Amino acid sequence: MTHSAAAPMIEVADLRKRYGEIDALKGISFSINKGEIVGFLGPNGAGKSTCLKIMTCFIPPTSGSVRIGGLDVQEHSRAVRKRFGYLPENAPLYSDMVAYDYLKFVGALRGVASRKLAQRIPAVAEQCGVTDVLGQVVGTLSKGYRQRLCLAQALIHDPEILVLDEPTVGLDPNQVVEIRSLIKDLGKERTVILSTHILPEVLVTCDRIVIIHRGKIVANGTPRELQEAQASNPPVVLRIGADGLASEAVAAVLTQQPWAGAVRMRPVGLAGELEFEIAGRGADDLRERVVALTTAQKWRLLEVRRELLDLEGIFRKSTQE
Amino acid sequence: MGNIWVMGKKEFASYFASPIAYVAIAVFLVVVGLKFFVVDTFFKTGEASLRSFFELVPAFFVFYLPAIAMRLVSEEKRLGTFELLATLPVSDAEIVLGKFAGAVGFLKVTLLLTLVYPLLLGLLGEPDWGAIIGGYVGLLLVGSAFLAIGLMASTWTRSQIVAYIVGAVLSSLFFFIDRILGAFWEGAKKVAEYFSFSSHFSNFTRGVIDTRDLVFFLSMIALCLVVATFSLNRRRWN
Numbered sequence: 254m255t256h257s258a259a260a261p262m263i264e265v266a267d268l269r270k271r272y273g274e275i276d277a278l279k280g281i282s283f284s285i286n287k288g289e290i291v292g293f294l295g296p297n298g299a300g301k302s303t304c305l306k307i308m309t310c311f312i313p314p315t316s317g318s319v320r321i322g323g324l325d326v327q328e329h330s331r332a333v334r335k336r337f338g339y340l341p342e343n344a345p346l347y348s349d350m351v352a353y354d355y356l357k358f359v360g361a362l363r364g365v366a367s368r369k370l371a372q373r374i375p376a377v378a379e380q381c382g383v384t385d386v387l388g389q390v391v392g393t394l395s396k397g398y399r400q401r402l403c404l405a406q407a408l409i410h411d412p413e414i415l416v417l418d419e420p421t422v423g424l425d426p427n428q429v430v431e432i433r434s435l436i437k438d439l440g441k442e443r444t445v446i447l448s449t450h451i452l453p454e455v456l457v458t459c460d461r462i463v464i465i466h467r468g469k470i471v472a473n474g475t476p477r478e479l480q481e482a483q484a485s486n487p488p489v490v491l492r493i494g495a496d497g498l499a500s501e502a503v504a505a506v507l508t509q510q511p512w513a514g515a516v517r518m519r520p521v522g523l524a525g526e527l528e529f530e531i532a533g534r535g536a537d538d539l540r541e542r543v544v545a546l547t548t549a550q551k552w553r554l555l556e557v558r559r560e561l562l563d564l565e566g567i568f569r570k571s572t573q574e
Numbered sequence: 005m006g007n008i009w010v011m012g013k014k015e016f017a018s019y020f021a022s023p024i025a026y027v028a029i030a031v032f033l034v035v036v037g038l039k040f041f042v043v044d045t046f047f048k049t050g051e052a053s054l055r056s057f058f059e060l061v062p063a064f065f066v067f068y069l070p071a072i073a074m075r076l077v078s079e080e081k082r083l084g085t086f087e088l089l090a091t092l093p094v095s096d097a098e099i100v101l102g103k104f105a106g107a108v109g110f111l112k113v114t115l116l117l118t119l120v121y122p123l124l125l126g127l128l129g130e131p132d133w134g135a136i137i138g139g140y141v142g143l144l145l146v147g148s149a150f151l152a153i154g155l156m157a158s159t160w161t162r163s164q165i166v167a168y169i170v171g172a173v174l175s176s177l178f179f180f181i182d183r184i185l186g187a188f189w190e191g192a193k194k195v196a197e198y199f200s201f202s203s204h205f206s207n208f209t210r211g212v213i214d215t216r217d218l219v220f221f222l223s224m225i226a227l228c229l230v231v232a233t234f235s236l237n238r239r240r241w242n
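Sequences listed follow chains A and B, in order. Okay, so the first sequence: first residue is 254 according to this note's numbering, each after it adds one. Okay, so the second sequence: first residue is 5 according to this note's numbering, each after it adds one.
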């Protein structure tokens, strides 16, 4: 986890939130640097939205603090609220308003001068792909358009921080791809924090991942760091050409090696190829030994790789008790 | 100040974005028209006065204006739009004042449409203009007070129906309090009159614009708006 010397943009310290009898957040601490895109990942009800609602000054924490740009969200709520754009969960919009008027309304309350708004509205509408529906009443828009209109609203004042609660819910696959690349684009000059329970989303868009489960952070790092932290001695996967070999025979040869642990045959979709997963005994990297053995046995080598636990594996491992 | 204007404009426009506002205004005008022409048989009585108009309208407002105010905050809470509104750099007082201003704008439109009656009187006879102007000032004040009560009730719940019922009950309590208490205990009547909207309002219809009545309505409105602001705030910071 790399941290630059500069003060972090967002600092969350021992954040706790109780709703009646339920502890939604049980002491969460992390920080986000300027320009980072951070993904909040967790199953439904993990506390992601609660955390974002506190960061955006919608609800107060039970204890702990959030500082944005060095300002405490409770003491300097209004100054903090000026600095971010927020897309709440489910994109709540006034259904009786015309889309253009809605953007104008939010822009005006965001303090954008009306002359500048006349330029900003077409610009953010273009960015978010809602240009065609600006003249329509919000209530008549599809879920995808509503979601993107709400994102346009979050961008209207060109904020330095973007807080997006489940930004791709309700979009079709093409729109999902568009919005993800838009978020990545926006993240070039902005700090972005987004929540999702969709794994590929964080992989594609985020620099860093914070996994939350039952109100606690269970993992925090880049996708690479998380993968490496999970497995100090990951199994090696070997793929060879079948060439008339019996897979049991190959497995037997592998098992006999002193350095090999458990050997497992893995089903391969392609005919004429065999795949094995070899667990290590010590802490050594087995790849060289496997390659040497393959050469000695004159097997036709197709692939050798270390099997790092993928993000889905990490997610499942860290969110199961 | 700018934010209140933006909020108020949006609330005012949203009344006319749905057919409900037109229906509400139509119902109001029909009821007032029936009373004026049919019940009071205006053309036969030959009296150039709006006395009966000023008796009917505030009583009608007791049930009509809470319906105009009920959605102001409760609907935002139910639809979740309040989350976005509350995280904009706008203070709770600005939200409350803006919404109140939008609703008062609607009330003004309603009152404006009834100006045909005094105009008719002016054409046909010599009405007491002082009483009419006073009456309209009174209607605006008593109506604004009902809207402030309705707005306050609307901050307490996500349900528009509950907001309406609470608003209408509080409004009728404040409007009829002297008559309700007076029916049970003659001694309480004097005290009740001080709090009664109707007794303060009746001075206006005599063409008397008394500072005490002005202060009474303005402080009622201010009190309700302060409570409304406080209850928005409380929900966010506890």
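Read the hints as simulated data drawn from the structure, not as lab findings. Be a bit skeptical, because a hint or two may be false.
Some chain A residues close to chain B (C-beta under 7 Å, calculated; not the full set) [claimed, not checked]:
(1) R331
(2) Y339
(3) L362
(4) W512
With a straight-line cut-off of 30 Å between C-alpha atoms, the simulated BS3-like cross-links for lysine-lysine are [claimed, not checked]:
(5) A:K369 / A:K287
(6) A:K469 / A:K441
(7) A:K396 / B:K13
(8) A:K437 / A:K287
(9) A:K335 / B:K112
(10) B:K13 / A:K369
Stretch-level coverage of chain B by chain A, calculated; a stretch enters the list once three of its residues show a Cβ under 8 Å from a Cβ in chain A [what the hints assert, rightly or not]:
(11) 35-44
(12) 57-70
Owing to the predicted nature of the structure, the values given are computational and were not obtained by experimental measurement. Where is the CB? At the ideal position from N, CA and C, for every residue including glycine.
Verification of the supplied hints:
no., hint, verdict
1, R331, "holds (5 Å)"
2, Y339, "holds (5 Å)"
3, L362, "holds (5 Å)"
4, W512, "violated (58 Å)"
5, A:K369 / A:K287, "holds (26 Å)"
6, A:K469 / A:K441, "holds (29 Å)"
7, A:K396 / B:K13, "holds (27 Å)"
8, A:K437 / A:K287, "holds (14 Å)"
9, A:K335 / B:K112, "violated (34 Å)"
10, B:K13 / A:K369, "holds (20 Å)"
11, 35-44, "violated (count 0)"
12, 57-70, "violated (count 0)"
In summary, the numbered hints that this structure violates are 4, 9, 11 and 12.
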